[in-house]
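K.L.:
Residues per chain are reported as follows:
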Amino acid sequence: GAVVSQHPSWVICKSGTSVKIECRSLDFQATTMFWYRQFPKQSLMLMATSNEGSKATYEQGVEKDKFLINHASLTLSTLTVTSAHPEDSSFYICSAIRDIQETQYFGPGTRLLV
Amino acid sequence: SQELEQSPQSLIVQEGKNLTINCTSSKTLYGLYWYKQKYGEGLIFLMMLQKGGEEKSHEKITAKLDEKKQQSSLHITASQPSHAGIYLCGADSTGTASKLTFGTGTRLQVTL
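Chains as they are written, first to last, in our numbering: chain E, 1 to 114; chain L, 1 to 112.
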């Protein structure tokens, strides 16, 4: 159990357009979901924490108006990169927890190329 | 903020050899998580350690958390090509796994 999926797995878009990435917990209800960004040969950097039905909590330095997060249900969170630019090109990974005492379960990631 | 340092940054070992990866925290750990990542893919959960002195094993991988809960090691016995990847340690500074800080990663290659 504890499978997390992401869609799409990769996306290429033109500069200035918006891109939506979906994160789904397939076999459990996720109390909290997280969005990370990973640049080549670097570790994961937490962007925001998302709880169902409430506003996401963004980490320092992450623009909430640029990276819109919607957590409409216990199994789905979406990250929209608005007005994407080449510097937004990265590997975006989501994770979810089903119980506060458990580990985070990660999705396979979405590679964005602007 | 909590910082995690992993060593070595990269490692090349011959198949069948043992290896150890270390993860050192600047603060006391509530929990320490080990993950494996293949290039361009998500993270696969390996093990979680919470108690000082705790040791867990799964197949040929053993992870330990020291008594002071500021350092963890991941040991692979008789490495195989399937062990190749990036190993990341994640630190829980709140006791709830709700906010993990990740180390810089250790890239492991296993040669035949």
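Worth flagging that the hints you see were computed from the coordinates, not collected in a lab. The structure displayed is predicted, hence computed values, not measured ones. Treat each hint with caution, since some may be false.
What the hints assert, rightly or not - Facing chain L, according to a computed beta carbon distance under 7 Å, are these residues of chain E, among others:
no., residue
1, 39
2, 44
3, 74
4, 86
5, 89
6, 103
7, 107
8, 109
Claimed, not checked - Under the rule of at most 27 Å between Cα atoms (straight-line distance), these lysine-lysine pairs were calculated in the DSSO-like manner:
no., chain 1, residue 1, chain 2, residue 2
9, E, 55, L, 99
10, L, 51, L, 64
11, L, 36, L, 56
12, E, 66, E, 41
13, L, 56, L, 69
14, L, 27, L, 64
15, E, 64, L, 60
16, L, 36, E, 41
17, L, 17, L, 56
18, L, 69, E, 55
19, E, 41, L, 51
20, E, 66, L, 99
21, L, 60, E, 41
22, L, 99, L, 51
23, E, 20, L, 38
24, L, 27, L, 69
25, E, 64, L, 99
26, L, 99, L, 17
27, E, 41, E, 14
28, E, 41, L, 64
29, L, 68, L, 38
30, L, 99, L, 69
31, E, 41, L, 27
32, L, 38, L, 56
33, L, 68, L, 36
34, L, 99, E, 20
Don't be surprised by glycine CBs; every beta carbon is placed ideally from N, CA and C.
K.L.:
Hint compliance check: list the failing hint numbers for this structure, sorted ascending.
P.N.:
1, 3, 4, 5, 15, 18, 19, 26 and 29
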